[in-house]
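**Q** Using the sequences and the hints given, assemble the complete structure.
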Amino acid sequence: FSDDPMIARLNINHTTVESMYSMSMRLGLEYGEVYSTSSNCEGIMAICKDEYANIGFMDMIRAGMVMSTIRLLTLLFNKEMRKIFEVLEKDKKNLSIGPYYYLMVIGVMLDHQHSGHGRRMVEYLCARADREHRAIYLETQNELNVHWYEGFGFRVMKEVTISKRLTFWEMARPKAPSIASHYPDSK
Numbered sequence: 025f026s027d028d029p030m031i032a033r034l035n036i037n038h039t040t041v042e043s044m045y046s047m048s049m050r051l052g053l054e055y056g057e058v059y060s061t062s063s064n065c066e067g068i069m070a071i072c073k074d075e076y077a078n079i080g081f082m083d084m085i086r087a088g089m090v091m092s093t094i095r096l097l098t099l100l101f102n103k104e105m106r107k108i109f110e111v112l113e114k115d116k117k118n119l120s121i122g123p124y125y126y127l128m129v130i131g132v133m134l135d136h137q138h139s140g141h142g143r144r145m146v147e148y149l150c151a152r153a154d155r156e157h158r159a160i161y162l163e164t165q166n167e168l169n170v171h172w173y174e175g176f177g178f179r180v181m182k183e184v185t186i187s188k189r190l191t192f193w194e195m196a197r198p199k200a201p202s203i204a205s206h207y208p209d210s211k
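Heads up, the sequence shown is in our numbering, so the first residue is 25 and it goes up one at a time.
Think of the hints as simulated: they come from the structure by calculation, not from any bench.
Every value quoted in this text rests on a predicted model; they were computed, and no experiment measured them.
Treat each hint with caution, since some may be false.
[Unchecked claim] Capping the alpha-carbon separation at 30 angstroms, the derived lysine-lysine pairs in BS3-like fashion look like this:
| # | residue 1 | residue 2 |
| --- | --- | --- |
| 1 | 73 | 117 |
| 2 | 103 | 117 |
| 3 | 114 | 182 |
| 4 | 199 | 114 |
| 5 | 114 | 73 |
| 6 | 107 | 182 |
| 7 | 103 | 116 |
| 8 | 199 | 182 |
| 9 | 107 | 188 |
| 10 | 199 | 116 |
| 11 | 103 | 73 |
| 12 | 116 | 182 |
| 13 | 117 | 107 |
| 14 | 199 | 103 |
| 15 | 188 | 116 |
| 16 | 199 | 188 |
| 17 | 107 | 73 |
| 18 | 182 | 117 |
| 19 | 199 | 117 |
| 20 | 103 | 182 |
| 21 | 188 | 114 |
| 22 | 103 | 188 |
| 23 | 199 | 73 |
| 24 | 116 | 73 |
| 25 | 117 | 188 |
**A** The structure is reproduced here in structure tokens:
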């Protein structure tokens, strides 16, 4: 996660970065699921269903993340971060894509990138979402990721420019049609 553009552009300190990503994993464990490509955790992702996509500070504290929540609250002093939280919370509440999985976080260790770990995790999530007839929603701050996710069927729903330093993209992959929709009525 060290090459996350948001981290670099907003000059967020290492301790806060660790708290942000460990909190995403703990929230995934508490309210969703966490996956890794192996027991060595070269790649890891956290997902949750749509009803947990807007987890609040009290949910974080209930999940035992008091210190992480306090560190995250310090980010709200940053005007750009506050704007990001506001936009994402509003947009996730207003999504009209039906039931979905929220890809909270995904990352691959730097020395294991470009070896298929990210692809395997996203393919797994797409196959699962298709079986369950769910869409998938995510945000990315890295323009290179936009094109990568498009290869899995994701489309940009919204591009948000917070400042000259920070843009992020909200993306969704529509749910797969049910098999019944492929057959005309036999009347």
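**Q** The structure should be examined with respect to each hint, and the outcome stated for every one.
**A** Hints versus structure:
Distance check on the hinted pair: residue 73 and residue 117 sit about 13 angstroms apart at the alpha-carbon level, within 30 angstroms; holds. At most 30 angstroms may separate the alpha-carbon atoms for a hinted pair to count; residue 103 and residue 117 meet this at roughly 22 angstroms. For the hint pairing residue 114 with residue 182, the CA-to-CA distance comes to about 13 angstroms; that is within 30 angstroms, so the pair holds. About 22 angstroms separates the Cα atoms of residue 199 and residue 114, which keeps this hinted pair within 30 angstroms; it holds.
This hinted pair checks out: residue 114 and residue 73 have alpha carbons roughly 17 angstroms apart, not beyond 30 angstroms. For the given pair, residue 107 sits about 15 angstroms from residue 182 by alpha-carbon distance, which is consistent with the 30 angstroms threshold. Distance restraint check for residue 103 and residue 116: the Cα-Cα separation of roughly 20 angstroms lies within the 30 angstroms cut-off, and the hinted pair is therefore satisfied. Pair hint residue 199 plus residue 182 holds up; C-alpha atoms about 18 angstroms apart against a cutoff of 30 angstroms.
Of the pairs offered as hints, the one joining residue 107 and residue 188 holds, with about 14 angstroms between alpha carbons and a cut-off of 30 angstroms not exceeded. Distance restraint check for residue 199 and residue 116: the Cα-Cα separation of roughly 16 angstroms lies within the 30 angstroms cut-off, and the hinted pair is therefore satisfied. Pair hint residue 103 plus residue 73 holds up; C-alpha atoms about 29 angstroms apart against a cutoff of 30 angstroms. Straight-line distance between C-alpha atoms of residue 116 and residue 182 comes to about 11 angstroms, which keeps the hinted pair within the 30 angstroms bound.
Proximity of residue 117 to residue 107 is assessed by CA-CA distance (about 16 angstroms); at most 30 angstroms being required, the pair is judged to hold. Under the criterion of a C-alpha separation no larger than 30 angstroms, the hint pairing residue 199 with residue 103 is inconsistent with the structure, at around 35 angstroms. A hinted pair counts as satisfied when its Cα atoms are at most 30 angstroms apart, and residue 188 with residue 116 qualifies at roughly 24 angstroms. For the hint linking residue 199 to residue 188, the alpha-carbon distance of about 34 angstroms lies beyond 30 angstroms, and the restraint is violated.
Straight-line distance between C-alpha atoms of residue 107 and residue 73 comes to about 24 angstroms, which keeps the hinted pair within the 30 angstroms bound. Among the hinted pairs, residue 182 with residue 117 is consistent with the structure: their alpha-carbon atoms are about 14 angstroms apart, no more than 30 angstroms. With a C-alpha separation of about 18 angstroms, the suggested pairing of residue 199 with residue 117 holds against the 30 angstroms cut-off. Restraint check for residue 103 and residue 182: satisfied, since their Cα atoms lie roughly 21 angstroms apart, inside the 30 angstroms limit.
A distance of roughly 22 angstroms separates the Cα atoms of residue 188 and residue 114; the hinted pair therefore holds under the 30 angstroms criterion. Straight-line distance between C-alpha atoms of residue 103 and residue 188 comes to about 13 angstroms, which keeps the hinted pair within the 30 angstroms bound. For a cut-off of 30 angstroms, the pair hint linking residue 199 to residue 73 stands: about 13 angstroms separates their Cα positions. Restraint check for residue 116 and residue 73: satisfied, since their Cα atoms lie roughly 12 angstroms apart, inside the 30 angstroms limit.
Proximity of residue 117 to residue 188 is assessed by CA-CA distance (about 26 angstroms); at most 30 angstroms being required, the pair is judged to hold.
The structure is inconsistent with the numbered hints 14 and 16, although it conforms to all the rest.
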